[in-house]
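Undergrad: Residue strings, one per chain:
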Amino acid sequence: MSDYTISIRPFGQHAILIEWPNRVEEAILEDILQFKAYLSAKYLFPEKWEIIASYNSLTLVERNFPIHFNVLKFNLNKWYAERNLIKVTRESYLWRLPVCYDKEFAIDIEEVANKLNTTVEEVILMHTKKSYTIYGIGFLPGFMYLGGLSASLEINRRESPRLKVIKGSVGIAGKQTGIYPQESPGGWNIIGNCPVTMFNPDVDKPVFVSVGDKVEFFAIEKAEYDLCVIENEAGVYTIQKNKINA
Amino acid sequence: MLKVLKQGFFTTLQDQGRFGYKDKGVPVSGSMDTYSTKVINALLENNISAPVIEITMTGPTLEFTADSYICIGGAEFLVTLNTSPISLYKVYKVKSGDVLSYAKLNKGLRAYLAIKGGFKSNMVLNSASFYFPITNKRCFKNSDEIGYVECKDFNPKISHLKINSLLNTNVLEVAKGPEYNLLNKNQIKGLFTTLFSVSNQYDRMAYQLQETIEGLSYSMLTSATLPGTIQLTPSGKLIILMKDGQTTGGYPRVLQLTDKAISVLAQKKFGDNVILKLL
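Protein chains in written order, with the numbering used here: chain A, 1 to 246; chain B, 1 to 279.
Okay, chain B solo, but in the shape it has when bound:
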């Protein structure tokens, strides 16, 4: 078990999300920064869909009650195992009684913690990803316990990886969305020449950008939306849907983020700059 001593701001369990329920209105959910979670699961030689802990803004304090191996990724926090600071993308052995603490956030927004074999949780609609009220829990609370299987011995093929971090870029690569062809020259210019910043409206459902462009009034029938869909409202706001975003919408879908760009944006917070780059 992993005991939650301090819950942090918004600490959840996430995997690759729910597949096959979009036509019933169920969001995909899953890890916001899949790029980071894939790497840490790979280092622990876990299945790609092994559940990891997603940590947002203010990290938790966690105590291990069985031996295993862990790896952390994503945002750069000051993380200590007992009293020693630990590094990103490196496999560490943990013993029963060890305490992992997240302190200052230095760069990015969302950090990930993976354990050998993955964290255990009730699967709801084939996924461990938290999404209230599909899952009973919205996020972990103090004194919650998170299951994992003890692992006494593991020799990783690679124990430390230097990765090309996505935390240093502010470029969001996009493809044209289904309603891109409704845009005029001025709107296209606005999309690709504006230095945007993340507004205070940002969470796992959607990121709204602070700067506006010329609006688009178009009466369209409700149609599917995806994580990474950029909607343009009549007042010129840009709303980027993320992993917990609703599955349908009525605003023109002008652009679509690549998978990598979703991971880049997942690490941005209020005030951070982003620019859009058409592939």
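Chain A extracted, bound-state conformation:
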């Protein structure tokens, strides 16, 4: 694995930021996640440390005590240099999520198709044929920042955001696509709805996806959507997933 130039900077009394080059790149994300796995297995245990990976950065947050920046920076540089000496295995998954592109949910899909000089069918096809990488989780609990949108689906966010976008709405904006895990204000163009609950606070793992996982969408009809909603609420819906080699 190649070495990147990392920059380590202070982030208040309890946190420190490690930054990789300012690019959206799978190899960078992979290096970040491998280093995260190494740190939490060997040095910065989860009871005391939270490690948040996003695009080109890791943020390390200490739970209770102030950190000593210079000491930690010195150690992090040392640990980064040695990180490949011991292989820490990291599991990641490809998740296949159903999306209903029915007009009932896809309130912007015709406008999107018009603006992109294409058809609704083509928009659905382009959205479902790609595999997306989760570069970050934030904004809302369980909201995935998905990279890898087809260049032909790139479109600006709506001029004025909606005050209310319903739970499960699937949107596109710029180079990104994503699912609103709860009702929220939002400025993305809504092209469908995913009936799978992306955030469930009542279980041990409230969010089943992790940064570095991949997501694919497949189209379902309204009837299948309704069934999926019921299965989801009853807790019997099985999400399609495959382990991918990290």
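Hints listed in this document are in silico derivations from the structure and should not be mistaken for laboratory results.
The model shown is predicted, which means the values in this text are computed figures rather than measured ones.
For glycine and all other residues, C-beta sits at the position ideal for the given N, C-alpha and C.
Where hints are given, some of them may not hold.
Stated by the list, open to error - Keeping only pairs whose Cα atoms sit at most 25 Å apart, straight-line, the calculated DMTMM-like set for lysine to aspartate or glutamate is:
(1) A:K73 to B:D98
(2) B:K176 to A:E62
(3) B:K137 to A:E233
(4) B:K120 to B:E45
(5) A:K103 to A:D204
(6) A:K167 to B:D203
(7) B:K162 to B:E45
(8) B:K137 to A:E183
(9) B:K38 to A:E47
(10) B:K120 to A:E216
(11) A:K48 to B:D259
(12) B:K137 to A:D202
(13) B:K141 to A:E183
(14) B:K260 to A:E47
(15) B:K120 to A:D202
(16) A:K73 to B:E173
(17) B:K120 to A:E47
(18) B:K260 to A:E62
(19) A:K48 to A:E216
(20) B:K141 to B:E173
(21) B:K237 to A:E159
(22) B:K141 to A:D202
(23) A:K205 to A:E216
(24) B:K137 to A:D204
(25) B:K277 to A:E183
(26) A:K164 to B:D203
Claimed, not checked - Here chain A is said to cover these stretches of chain B; the calculated rule only asks that three of the stretch's residues, wherever they fall, bring their Cβ under 8 Å from a Cβ of chain A:
(27) 24–36
(28) 122–134
Chain A is already provided as a structure; the job is to place chain B on it using the hints.
TA: Only chain B this time, still in chain A's reference frame:
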């Protein structure tokens, strides 16, 4: 049980918040003014993470249905237990049938009520802190009931504490944030010489300051944010994230409040002045 006779403006249960879920986008939540809540829990000899009631702007009226001991802290309201006014940071015995009423707010914004043993609530992701929709409730409503365990006898080691109140300061101590080095001289001067005031955009998620400084256009990739992170927008607005703030953001994180400064800011409301002081 504590019966909510009048709910007040925004009355919630808070503890030290949720730890370990930031990478799933879950805000920390928890008491906004941890300085005050630590003191009242300490006086009652409670665990540091015992849930307390956070009261905002307009306080509630509450009735106790079992004996216990209470302590109030944070903002200065006129608070009466039955008909007698009570003081901050002092342990009081309450009996079944006693009524605690919050009247006029004199100073600060958020008040806290702790009870011996802590208030009981469903723990969601290891915390009792309200944060909708992670918790079913956004805030307490009239006729809600809040659990606690009866306590007939308690002799506090210290029954009244004179504390150095944070309500009288408007200085927010800050450290440099990760993108501090992108600032030019004019922006740095703006940050540390402006008398800022809290805009009308302020809540548990974020405080936006009224005065602007020279903006900063910098295209950064989405990265983690924390309670106390000060973001500078391209138009020069300063947004200070608080306990319910989102866990990631795309604006440069120019400064970071200390824990104490978060407690200081938690007591400010629309129009109140603050100044930033680099540690």
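Undergrad: Could you run down the list of hints and mark each one as holding or not?
TA: Taking the hints in turn, this is what the structure says about them:
1. A:K73 to B:D98: Violated, at roughly 55 Å.
2. B:K176 to A:E62: holds (17 Å)
3. B:K137 to A:E233: holds (20 Å)
4. B:K120 to B:E45: This hinted pair holds, its Cα atoms lying about 16 Å apart.
5. A:K103 to A:D204: violated (35 Å)
6. A:K167 to B:D203: holds (23 Å)
7. B:K162 to B:E45: holds (17 Å)
8. B:K137 to A:E183: Holds: B:K137 and A:E183 sit about 15 Å apart, inside 25 Å.
9. B:K38 to A:E47: holds (21 Å)
10. B:K120 to A:E216: violated (42 Å)
11. A:K48 to B:D259: Given pair A:K48, B:D259 holds - Cα atoms ~18 Å apart, limit 25 Å.
12. B:K137 to A:D202: holds (14 Å)
13. B:K141 to A:E183: Given that 25 Å is the threshold and the Cα spacing comes to 22 Å, the pair holds.
14. B:K260 to A:E47: Given pair B:K260, A:E47 holds - Cα atoms ~24 Å apart, limit 25 Å.
15. B:K120 to A:D202: holds (18 Å)
16. A:K73 to B:E173: holds (23 Å)
17. B:K120 to A:E47: Status holds; Cα separation ~24 Å.
18. B:K260 to A:E62: holds (16 Å)
19. A:K48 to A:E216: violated (34 Å)
20. B:K141 to B:E173: violated (36 Å)
21. B:K237 to A:E159: Status holds; Cα separation ~20 Å.
22. B:K141 to A:D202: holds (23 Å)
23. A:K205 to A:E216: Roughly 21 Å separates the two Cα atoms, so the pair holds.
24. B:K137 to A:D204: holds (20 Å)
25. B:K277 to A:E183: At roughly 38 Å apart (the allowed maximum being 25 Å), A:E183 and B:K277 break the hint.
26. A:K164 to B:D203: holds (19 Å)
27. 24–36: holds (count 4)
28. 122–134: It holds, with 4 qualifying residues against the three required.
Violation of the numbered hints given earlier is confined to hints 1, 5, 10, 19, 20, 25; the remaining hints are satisfied by the structure.
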